[in-house]
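Engineer: For the protein sequence lines, the chains are A and B, in the order given. With the first sequence counted from 1, adding 255 to any position gets you the working numbering. With the second sequence counted from 1, adding 255 to any position gets you the working numbering.
Hints in this document: simulated from the structure, not taken from any laboratory. Incorrect hints may have been included.
Pairs involving identical chains hold if they fit within one copy or between any two copies, as the list cannot separate such chains.
[Unchecked claim] The calculated lysine-lysine pairs, modelled on DSS-like cross-linking and capped at a C-alpha distance of 25 Å, are:
1. Lys478 x Lys603
2. Lys497 x Lys603
3. Lys547 x Lys267
4. Lys387 x Lys544
5. Lys478 x Lys497
6. Lys394 x Lys298
7. Lys603 x Lys578
8. Lys497 x Lys267
9. Lys478 x Lys578
10. Lys394 x Lys478
11. Lys384 x Lys544
12. Lys581 x Lys447
13. Lys267 x Lys578
14. Lys395 x Lys384
15. Lys395 x Lys370
16. Lys395 x Lys377
All figures in this text were calculated on a predicted structure; none of them were measured in a lab.
Residue strings, one per chain:
Protein chains: 2
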Amino acid sequence: MATRWGICSAGKISHDFMVAMKTLPPEDHQAVAVAARSLDDAKKFAKTHNIPRAYGSYEELAKDPNIGSYNKKNWLHHVVVGLRPKHDSLCADVVYIGTIQTNHLSSCLLFLNAKKPVLCEKSLAMTTKEVKEILACAKKNNVFLMEAIWARFFPAYREIRRLIAQGEIGDVRMVRSEFGLSVLPLPRLELKELGGGALLDIGLYPLQFSLMVYGGERPESIKTEGVILDTGVDETLVVTLKFSNNRMAVFTSSSGLQLHNDAIVVGSKGLIRFPSHMWCPEVMVVNGKETKYPLPEPHLPLNFVHSTGLRYEAEEVRQCLLKGMKECPIVSHADSLLLAEVKEEILKQVGVTYD
Amino acid sequence: MATRWGICSAGKISHDFMVAMKTLPPEDHQAVAVAARSLDDAKKFAKTHNIPRAYGSYEELAKDPNIGSYNKKNWLHHVVVGLRPKHDSLCADVVYIGTIQTNHLSSCLLFLNAKKPVLCEKSLAMTTKEVKEILACAKKNNVFLMEAIWARFFPAYREIRRLIAQGEIGDVRMVRSEFGLSVLPLPRLELKELGGGALLDIGLYPLQFSLMVYGGERPESIKTEGVILDTGVDETLVVTLKFSNNRMAVFTSSSGLQLHNDAIVVGSKGLIRFPSHMWCPEVMVVNGKETKYPLPEPHLPLNFVHSTGLRYEAEEVRQCLLKGMKECPIVSHADSLLLAEVKEEILKQVGVTYD
Chain A
256 MATRWGICSA GKISHDFMVA MKTLPPEDHQ AVAVAARSLD DAKKFAKTHN IPRAYGSYEE
316 LAKDPNIGSY NKKNWLHHVV VGLRPKHDSL CADVVYIGTI QTNHLSSCLL FLNAKKPVLC
376 EKSLAMTTKE VKEILACAKK NNVFLMEAIW ARFFPAYREI RRLIAQGEIG DVRMVRSEFG
436 LSVLPLPRLE LKELGGGALL DIGLYPLQFS LMVYGGERPE SIKTEGVILD TGVDETLVVT
496 LKFSNNRMAV FTSSSGLQLH NDAIVVGSKG LIRFPSHMWC PEVMVVNGKE TKYPLPEPHL
556 PLNFVHSTGL RYEAEEVRQC LLKGMKECPI VSHADSLLLA EVKEEILKQV GVTYD
Chain B
256 MATRWGICSA GKISHDFMVA MKTLPPEDHQ AVAVAARSLD DAKKFAKTHN IPRAYGSYEE
316 LAKDPNIGSY NKKNWLHHVV VGLRPKHDSL CADVVYIGTI QTNHLSSCLL FLNAKKPVLC
376 EKSLAMTTKE VKEILACAKK NNVFLMEAIW ARFFPAYREI RRLIAQGEIG DVRMVRSEFG
436 LSVLPLPRLE LKELGGGALL DIGLYPLQFS LMVYGGERPE SIKTEGVILD TGVDETLVVT
496 LKFSNNRMAV FTSSSGLQLH NDAIVVGSKG LIRFPSHMWC PEVMVVNGKE TKYPLPEPHL
556 PLNFVHSTGL RYEAEEVRQC LLKGMKECPI VSHADSLLLA EVKEEILKQV GVTYD
């Protein structure tokens with residue numbers, strides 16, 4: 256049976272997510288409802304993406320019985336007996352939260368408490384405290400939750416994890432990465448009340464990359480230098496992380512500077528490089544040898560670069576749900592918590608806090 | 256008349272310097288003597304590079320009358336009247352010091368006090384105190400002195416200075432560069448008594464690049480994280496510099512890790528990149544457009560990468576001497592002093608000091 260998606264927010268990333276979903280088999284993925292704060296927006300979005308139902312509030316989506324809540328008994332029944340369960344007890348349905356991040360806490364709690372599995376855009380929340388609240392809610396309700404760090408499901412990211420685990424470049428000692436876009440002025444990245452600041456949005460990518468390479472280990476030291484906007488949020492940050500056994504990472508994050516946006520992972524026996532688009536790479540170079548991982552073409556214009564790559568996390572979520580998992584090991588709850596804690600420490604060092 | 260070079264040290268870099276000199280017109284550059292601590296080494300080097308005289312001590316080279324000392328009167332006579340001055344009063348002769356850096360202080364003082372112009376390999380000395388002593392000695396003797404930061408005379412480096420000055424990429428806000436080689440074990444880089452430590456050797460390149468881009472301005476803040484060898488010197492450093500007006504630089508230096516060794520300069524209107532070999536680039540990319548600056552082929556095998564590019568600093572020294580200059584504005588005495596002070600602060604932050 257198809258995974259039936261509820262789409263929370265009719266914004267830019269939700270649009271791209273829908274375009275990406277169209278690159279997957281319709282028998283596996285279907286968007287069945289969309290909710291926006293404005294019913295008109297939801298209707299327009301539903302029309303564009305051929306979604307049956309549109310809601311003018313997130314609460315209505317949370318109550319939609321067509322997006323099934325996880326039910327182990329029915330899931331087992333389906334898997335073992337091969338019978339089609341009723342639509343309100345399907346195991347692989349999920350809500351995608353594509354709202355701005357100041358809204359993530361309330362939306363996550365809304366859908367998790369409605370027993371609906373959730374894929375929530377990154378950053379999962381504004382603070383460590385909020386992240387803990389969301390994770391506790393998922394656990395309490397025994398419902399799947401994942402932070403939508405789509406980068407980690409790209410084929411090149413899967414391959415880099417495999418190569419590192421197999422010792423292809425020996426012992427990894429350095430990760431250097433950067434993500435900077437010259438996108439200011441842009442309220443979403445400038446204004447604190449909209450969850451602004453580069454780190455929680457752009458900078459999350461090189462940070463999660465660094466943490467991924469070192470297997471989710473907590474850095475022993477964090478050193479930050481940066482440029483803070485008059486609005487009180489970070490524009491540009493340079494962050495150095497030191498892990499156990501003299502392993503290091505350094506990354507740059509910026510909403511004001513268009514950087515080269517490559518990444519390297521340096522080991523005792525070699526070097527792996529994403530020559531560009533480190534957050535959504537189509538090319539990887541391993542010890543000088545280049546491999547391409549081309550993305551499918553979109554059927555509609557995209558808002559963001561390489562967004563058809565959102566297909567990989569969508570399919571990953573489906574596979575996790577089909578297996579009855581409550582979290583994805585590639586972006587685990589522990590990963591989200593560590594990310595939140597490290598982000599908070601980085602921002603504290605340059606005087607940025609969110610209440 | 257030719258610039259007549261005295262070569263102090265018959266080591267690896269001196270060899271490459273000689274090979275590079277052979278790519279310049281012999282009527283402009285001639286090596287007339289070489290000195291080593293061992294006469295045999297000096298003789299062997301002299302034979303390889305067709306140098307007339309070989310000495311078993313640096314003192315003998317300092318006394319060699321065939322390497323003329325600067326004399327303004329004779330220089331003016333030469334330029335104005337066009338007469339050939341006597342060989343002991345030529346204005347464009349110079350000693351190249353290619354010894355290990357623990358020796359630089361004593362050798363610089365030796366040749367400067369002998370009124371011989373000096374091109375001394377980087378790092379100019381081990382400490383700020385030593386650098387000040389050398390600069391004062393050059394001033395006292397009114398003799399040309401330059402730290403051999405050969406990178407700055409590469410055509411691509413000249414071009415990047417021109418482009419930045421002309422505002423080609425707008426206001427520069429970020430410099431990111433790295434130089435790391437996996438060369439350990441190597442006594443010269445590991446042992447404190449040999450002047451070991453990556454920063455003074457390898458790390459000098461991205462540091463001088465950062466300082467050059469910002470016009471020799473002193474950074475307002477320096478933050479360092481790193482890995483220190485058991486021998487007490489730095490193996491890997493990540494350094495973040497912040498300059499006035501929110502301009503930043505970050506660089507990595509390593510004697511233990513083979514990095515990608517690129518560099519980018521990011522401005523409000525574009526990006527300039529050395530895709531590799533940032534310390535001796537043959538390629539520069541300006542806003543996506545690549546230009547090649549090929550180096551001449553060596554007539555003998557080289558010890559270091561792209562060493563025929565030493566030709567550019569050799570010719571620059573000649574031009575400075577022909578103009579009667581006492582320092583080169585591209586690597587000025589103030590540049591050498593700032594470099595020394597910033598290096599010392601960086602090393603202090605990770606607990607490395609040289610006595």
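Engineer: Please go over all the hints and tell whether each is borne out by the structure.
Structural biologist: Verification of the hints:
Taking the shortest Cα distances, lysine 478 and lysine 603 sit within 25 Å of each other both inside one copy (11 Å) and across copies (16 Å). In this assembly of identical chains, the alpha carbons of lysine 497 and lysine 603 lie at most 25 Å apart whether taken from the same copy (17 Å) or from different copies (18 Å). Taking the closest pair of Cα atoms, lysine 547 and lysine 267 never come within 25 Å of each other, the shortest separation being 27 Å inside a single copy and 41 Å across copies. Taking the closest pair of Cα atoms, lysine 387 and lysine 544 never come within 25 Å of each other, the shortest separation being 42 Å inside a single copy and 47 Å across copies.
In the homo-oligomer, the alpha carbons of lysine 478 and lysine 497 lie at most 25 Å apart both inside one protomer (9 Å) and across protomers (13 Å), since each shortest distance falls under that limit. Taking CA atoms no more than 25 Å apart as the test, lysine 394 paired with lysine 298 passes in neither setting, with 33 Å inside one copy and 79 Å between copies. For a Cα distance limit of 25 Å, the shortest separation of lysine 603 from lysine 578 qualifies neither inside one copy, at 39 Å, nor across copies, at 54 Å. In the homo-oligomer, the alpha carbons of lysine 497 and lysine 267 never lie at most 25 Å apart, since the shortest distance is 36 Å inside one protomer and 35 Å across protomers.
Taking the shortest Cα distances, lysine 478 and lysine 578 never come within 25 Å of each other, neither inside one copy (40 Å) nor across copies (47 Å). For the homomeric pair lysine 394 and lysine 478, neither the shortest alpha-carbon distance inside one copy (33 Å) nor that between copies (41 Å) is at most 25 Å. In the homo-oligomer, the alpha carbons of lysine 384 and lysine 544 never lie at most 25 Å apart, since the shortest distance is 43 Å inside one protomer and 47 Å across protomers. Taking CA atoms no more than 25 Å apart as the test, lysine 581 paired with lysine 447 passes in neither setting, with 32 Å inside one copy and 54 Å between copies.
Within a single copy, lysine 267 and lysine 578 get their C-alpha atoms no closer than 30 Å, and across copies no closer than 63 Å, so neither meets the 25 Å cut-off. Only within a single protomer do lysine 395 and lysine 384 lie at most 25 Å apart by alpha-carbon distance; the minimum there is 16 Å, versus 65 Å between protomers. Taking identical chains as interchangeable, the C-alpha atoms of lysine 395 and lysine 370 lie at most 25 Å apart only when both belong to the same chain, with a minimum of 10 Å there against 82 Å between chains. In this assembly of identical chains, the alpha carbons of lysine 395 and lysine 377 lie at most 25 Å apart only when taken from the same copy (21 Å versus 63 Å across copies).
When the structure is compared with the earlier hints, violations turn up for hints 3, 4, 6, 7, 8, 9, 10, 11, 12 and 13 and for no others.
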